[in-house]
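2 protein chains.
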Amino acid sequence: MTILIRDAGAGDGVALHAMVRELAVHHGHAADFVSTPDDFERFLSGPNPVGGALVALWDDAPAGCAIWHRSFSTFRGRETLYLEDLAVLPPFRRLGIGRELLGAVARLARARGAPAVTWVMMDWNEDARRLYARAGVAFEPGTSVCRLSGAALERLGS
Amino acid sequence: MTILIRDAGAGDGVALHAMVRELAVHHGHAADFVSTPDDFERFLSGPNPVGGALVALWDDAPAGCAIWHRSFSTFRGRETLYLEDLAVLPPFRRLGIGRELLGAVARLARARGAPAVTWVMMDWNEDARRLYARAGVAFEPGTSVCRLSGAALERLGS
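In order, the protein sequences belong to chains A and B. The opening position of the first sequence corresponds to residue 1 in the working numbering, with each subsequent residue numbered one higher. The opening position of the second sequence corresponds to residue 1 in the working numbering, with each subsequent residue numbered one higher.
Looking at chain A on its own, in the form it has when it is part of the complex (with noise of 0.2 Å):
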């Protein structure tokens, strides 16, 4: 058994949006999740890219993935990458796939001279914390994720 980890590109939209599917019903949000396997397609392949993913085949089977973007640090004044999802489909879990998507994405972190990676966890998800802990990352508990849409965002722009 092997884990494999490598960059998405071209044709891996299907899979990256069944594995991110999975992580929004997981995570309670299954109605908020609207995106296609097209619109995946066009992250990886338009033109000026704000990010890209990485993908984890477990026996050449995709297992997981870790999707990113570029960001910003104003304390740092450096780009930085975001970690938009880091997902492991469900048969994959406790495989250490996890751990070798992080691994991979601070790779791509120190290729691309970015000082930090950073994202948001639910506090609920114990599994996360543990393997983020275990590799060292610091936690800033006491936030919320806040988002101005749909009508408010329309009302508030006009």
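Since the hints were derived computationally from the structure, they do not count as laboratory data. Ideal Cβ positions, reconstructed from N, Cα and C, are used throughout, including at glycine. You may find that some hints are simply not true.
To be verified - One side of the interface only, derived from the structure: several residues of chain A facing chain B at Cβ under 10 Å:
1) Leu16
2) Ala24
3) Thr36
4) Ala53
5) Trp58
6) Ile67
7) His69
8) Phe75
9) Asp85
10) Ala104
11) Ala106
12) Thr118
13) Ser144
14) Leu153
Once you have looked at the hints, place chain B on chain A.
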């Protein structure tokens, strides 16, 4: 007394740096603030910028700023806008400048075709919460910001 919001550009690095430094101190993160005015100049004027900034002027004096970068929502399948910082200098608080900046960010998101603006709020920041709640922002509490940097990033990414 007038509020004017304009795009930041070359030459605004000193003002932006000072405003974000005040924000870092106010949030108890002075030790993490290591950026320089030149870092902001490069952010604003470098090739293939990942984001930009808006400056609020109160009677021509720099009074606040909003610093944003491109982002991608895998749930929406669309590029969105991430609000890295919204800062108003202490002498200019409670004058409506934060609300004007948030409105300008909303207009920018609409102009860029972004269906959402997202950011992270410290839960203790009641002034921010009031401003955002009045603007129709949705909150997702119970989250922690995660950061992989320094020795942990080097170790994991080696």
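Hint by hint, here is what the structure shows:
The beta carbon of leucine 16 of chain A comes within 8 Å of a beta carbon in chain B, closer than 10 Å, and the hint placing it at the interface holds. Given hint, alanine 24 of chain A at the interface with chain B, holds; its Cβ is 6 Å from that chain's nearest Cβ, closer than 10 Å. With a least beta-carbon distance of about 6 Å to chain B, the hint placing threonine 36 of chain A at the interface is held under the 10 Å criterion. Here the hint on alanine 53 of chain A is kept, as its CB sits about 9 Å from the closest CB of chain B, short of 10 Å.
For tryptophan 58 of chain A, the suggested interface contact is broken, since its CB lies about 20 Å from the closest CB of chain B, more than 10 Å. Hint status for isoleucine 67 of chain A relative to chain B: holds, with the closest Cβ pair at about 6 Å, below 10 Å. Hint status for histidine 69 of chain A: holds, given a least beta-carbon distance of 5 Å to chain B, under 10 Å. For phenylalanine 75 of chain A, the interface hint holds, since its Cβ comes within 10 Å of a Cβ in chain B; the closest pair sits about 5 Å apart.
Residue-level restraint check for aspartate 85 of chain A holds (minimum Cβ-Cβ distance to chain B is 5 Å; threshold 10 Å). Satisfaction of the interface hint for alanine 104 of chain A is found here, the shortest Cβ-Cβ separation to chain B being roughly 9 Å, below the 10 Å cut-off. With its C-beta approaching chain B no nearer than about 3 Å, alanine 106 of chain A sits inside the 10 Å limit, and its interface hint holds. With a least beta-carbon distance of about 5 Å to chain B, the hint placing threonine 118 of chain A at the interface is held under the 10 Å criterion.
For the restraint placing serine 144 of chain A at the interface with chain B, the shortest Cβ-Cβ distance is roughly 4 Å, inside the 10 Å limit, so the hint holds. With a cut of 10 Å, the hint placing leucine 153 of chain A at the interface with chain B holds, because the nearest CB-to-CB distance is about 6 Å.
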